[in-house]
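Here is what each chain is made of, one letter per residue.
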Amino acid sequence: MTQPAIFFEEVNERQGVFHRRAILLGGFAGLGITALGARLAYLQLLETQRYEKLATSNQFNFKLQPAPRGVIVDRNGAVLAANRPNFRLMVARDKGVDPEATIKTLANYVPLDETRQRRLLKDINSAPKRAPVSVMEDMSWEQFSAINVRAPELPGVTADMGEVRVYPHGGAFAHVIGYVAKVNKDDIDAITKAGRTPDPIMLHPGFRIGKQGVEKALDEALRGRPGARKVEVDANGREVRHDDAGDIPATPGAEIQLTLDVDIQNRALEVFGEESGGAVMMDCRTGDILCMTSAPSFDANRFVRGLTGGEYRALAGYERKPLLDKCLSGLYPPGSTFKTMTALAVLMAGIDPEARVTCGGGMNFGGRYFHCHKRGGHGSQNLNDAIKNSCDTYFYSMSLRVGPDRIAQAARAFGLGQTFDIGIPGQKKGIVPDPAWKKRYFKKNEAMQPWWPGENLSYAIGQGYLQVNCLQLAVMTARLANPDYKALNPRLIKSVGGKELPRGSDVPALPFPRDHIDRVRAGMAAVTDVGGTGYRASQLGLGDILMAGKTGTAQVRNYAAGGSRGKGGTWGLRDHGLFVAFAPIDAPRYAIAVIVQHGMGGSTAAAPRAREIMRTALLKDPEMMARVQKPLPMPEITPDIEQDTAPLTPTVLPPGAQAIPTVAPAPAPLPGRPT
Amino acid sequence: MTVSALTRPGERDRLVVKFSEVDWLFVLVLCLIAGAGALMLFSIAGSSWDPWAAQHVGRFTFCLVLMLALAMIDIRVWFALAYPIYGIGVLLLIAVEAVGDVRLGAQRWLSIGSFSFQPSEVMKLGIVLALARLYHGVSAERARLSWWLLIPALMIAVPVGLVAHQPDLGTAMLILLTGVAIVVMAGLSWKIIGAGVAAFLAIVPPFVLFVMHDYQRQRVLTFLDPESDPSGSGYHILQSMIALGSGGLLGKGYGLGSQSQLNFLPEKQTDFIFATLAEEFGFVGCISILILYAAAIFMALRTSYLSHSHFGRLAAAGVTATFTLYVLINGAMVMGLAPVVGVPMPMLSYGGTVMLTVMIGFGLVQSVRVHRYAEVTSGKGSFV
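Protein sequence lines correspond, in order, to chains A and B. Heads up, the first sequence is in this note's numbering, so the first residue is 1 and it goes up one at a time. Heads up, the second sequence is in this note's numbering, so the first residue is 676 and it goes up one at a time.
Heads up, a few of these hints could be off.
[To be verified] Pulled a few chain A residues facing chain B out of the computed Cβ check, cut under 10 Å: (1) H19; (2) L45; (3) M161; (4) A228; (5) E232.
[Unchecked claim] So the derived list for chain A, only partly shown, Cβ under 8 Å to chain B, looks like this: (6) S297; (7) W437; (8) R589.
If you are wondering where the hints come from, they were derived from the structure by calculation, not from laboratory data. Keep in mind it's a predicted model, so treat the numbers as computed, not measured. Note that the Cβ used here is the ideal one computed from N, Cα and C, for glycine as well.
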């Protein structure tokens, strides 16, 4: 460039141009900054509420918390299902979380074997993002705290305290109450199929759903309403702080009171021992079910924790079927216990109860010989004798005069062949056959449709197509024993959340003359009296409190003539032993039905068990105790010296109470009774 | 000192006098901005000097000393070094093309031993110096409308092309706009300005659609509709706007900004520090900072008015333009008015490179101020 290339005026011109153009830059900057200021005013002054809301929803999360599940108690308030704290460990898939490494790290603090680790990894990877997967339940405090302090270095890991269901009586209530378990896909599908949307709380890892019995039937009531924890989270969804004031408290689930009695129920399971079967006891006045036990049972707590495959196979594969509720779902021929119904049909037909039938050990009919259980025969029998001796021949003979319709009518009036609204699922209706039923049942097979007169014979003694469950037998007995001759209904759920459910006694009277029922009761009293089939096994040992009953031995198959009659051999082919009873005879209070599956004899297998359960109920009843302990006529006892020295002793014992300890053993604490 | 003293020959060459000639109000403004930055960095680290606030203060102190030192350098030395700095910048950009480190998918860094830097930063200053030097000896007529204008055009195009190729569109755009600002202020014809604006508007849509890298295009498209993808690329803008908006008039209080403290705000300590400030100090705090920036811009621009040399004017104005662009681009980005580009808020954001560049630039501006009466001839000390 040559110099001087620029002249004075040019320099001035350049300066002028620059000064003008620089204003342009200044203007541009001023405009820009003003625009930014305006934008700020818009965002921070006009739109601030909207963004505050967004910032809050960024900052705070409401985390659903399952409500404490409702407690289930027995009729006296003893806890049957409750909740206990549970330290659990969870891992969620998220940004920056390596599930495999996380699990490897966690294995240093809690026991996780290789298979468990692989399974967890699969679970975590298939779970939705950020949905925690339970790694371990019931950690010890040491494990819980060890992981909790390291949580900040372990992204995706949470260790918190939840609640877990606990059944303090283990197996005794397993069938009635059921159990809770994790929500699985089937549960969700069932809800979706019913046209409803699953509650979001169901996705919570701590949530448990009722799977059986009361837990399932009253799940909604037990569940309560979930609350929410207000937590401050960072951009990664990690919890930073917990805002107590912002929490929405959960509404705990409703307390459910059952009519069951914990002592009677526990005793019932106990008396079954290794045997299989069911026992149902009802209050004959109210219809409340005091005991409904199915044996063998299983520990519901195991189901809460989650069964291993082996445990489940062992339970499902055992021939005595612990998972089956034998009170509701098990159907059995009632055998001779049904003779009470046949007897009613006999009376209904207008037959004189004193009319006699001579038993010579059986009866020929239709070219076949129908045996009585007593080979030698009972001799001349009227209705009372026939019930007392359980004479088959009498009922064979009468059945031909009575006909199947009357028998069916009596059976149905007493609750057989139907289900009851006791609030839990699983009841099977069973079969109360009659010609109309048979026609319906064999709709496709005309040859089978006619009712053969020979069928009356087996019907009369509780065999044939007849099938009942244990609850039905208990209802039958309770109706027979009801002081007001009412068609009593069973009740299992006493109250839900403090609201009492209708009683089973608010029902009309049975459509039978009272003297007919009285005759059957008298027959049942004879069964347990000297010479009756249940005499030895029915002695309660409670003074003048006596039990009336009816034994039954139900065939499982047709015996070959002269065969073992089901008294031995393979377990699955033995006879069922049944016993129905009520006590006390003079003022019936408790009715019971016991079925011992393949227990062989009603009087040998079922009656003694019924007696033990009955004793437990009677001994727990203060009115009964008062009766047992009523003063015996005794000479006046002069006060001794000891009483003189302790005049303030407040002990108030009924006079003579100590005098009869042999008659009335005080209700000793029973095994399994909560203290 | 008195005016008469300063008119004495040689008086203005004395270091004490030079020092007093520095725009100390300007220095105060810079200190206030950097102080606000340190305050915010202290807050978002959870009331801790580590890891950002202490280093920020240290860096600024160093840069401030450097700026004052550079202000003492004679404007004629700057003049003489203009082309060499530009030349070195271009060479370094070529070197980066050949042997640069690839970081985050872009080739921007050059390592010399353990020291690594971005040559594009050198270019930000280099383009200002070189264009000011070029226009210093050119008549208004030529600068207005002539074939000669192809020279500055080329001088801008070469570094812009190289930086854009790295690819670092943000810096390329900054260099381009700085260059254009100088060319415009030097007196470019309105016809060319109008044609340029028209051409720019015409070329942007096809450029966005066909030339940009996917992530770049995504940023632009997201900007146009940030809520279309709130968890993806719209996340930055949305979270920043939430931080700003939720701050309200007075802010949530120091250390209480949930957006930044809980990491919802991305790059909270660098590009989005303004949003952090907005959240905790609200509209009042934001406007205060904007006023400080405006003051800094106008003081720097005023310096360019004071200069008696054309080189000084254009250099000071060029640096001011760069600074202004930083502030406006970052501000617009944080407020959801511009796509997300990696341009920090100078002095406020954590990060040494930009602070160093800007402060060296201000060193030049102060040098222009201190030496505003110096006579710069194209001959003296020129290498060309």
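If you take the shortest Cβ to Cβ gap from L45 of chain A to chain B, is it below 10 Å? holds (6 Å)
Hey, does the W437 of chain A contact hint survive, CB to chain B under 8 Å? W437 of chain A check fails; min Cβ-Cβ to chain B is 65 Å, beyond 8 Å.
Hint check: 10 Å Cβ-Cβ cutoff, A228 of chain A to chain B: Interface hint status for A228 of chain A: violated (19 Å vs cutoff 10 Å).
Answer holds if the nearest beta-carbon of chain B is closer than 10 Å to that of H19 of chain A; otherwise answer violated. Check passed: Cβ of H19 of chain A comes within 7 Å of chain B, closer than 10 Å.
Double-check E232 of chain A for me: the hint is only fine if its C-beta lies closer than 10 Å to a C-beta in chain B. holds (7 Å)
Was the hint right that M161 of chain A lines chain B, CB cutoff 10 Å? violated (25 Å)
Does R589 of chain A hold up as a contact with chain B if the rule is Cβ-Cβ below 8 Å? violated (68 Å)
Have a go at the S297 of chain A hint: is there a Cβ in chain B nearer than 8 Å to its own Cβ? violated (52 Å)
In the structure shown, a violation is registered for the earlier hints numbered 3, 4, 6, 7 and 8, in ascending order.
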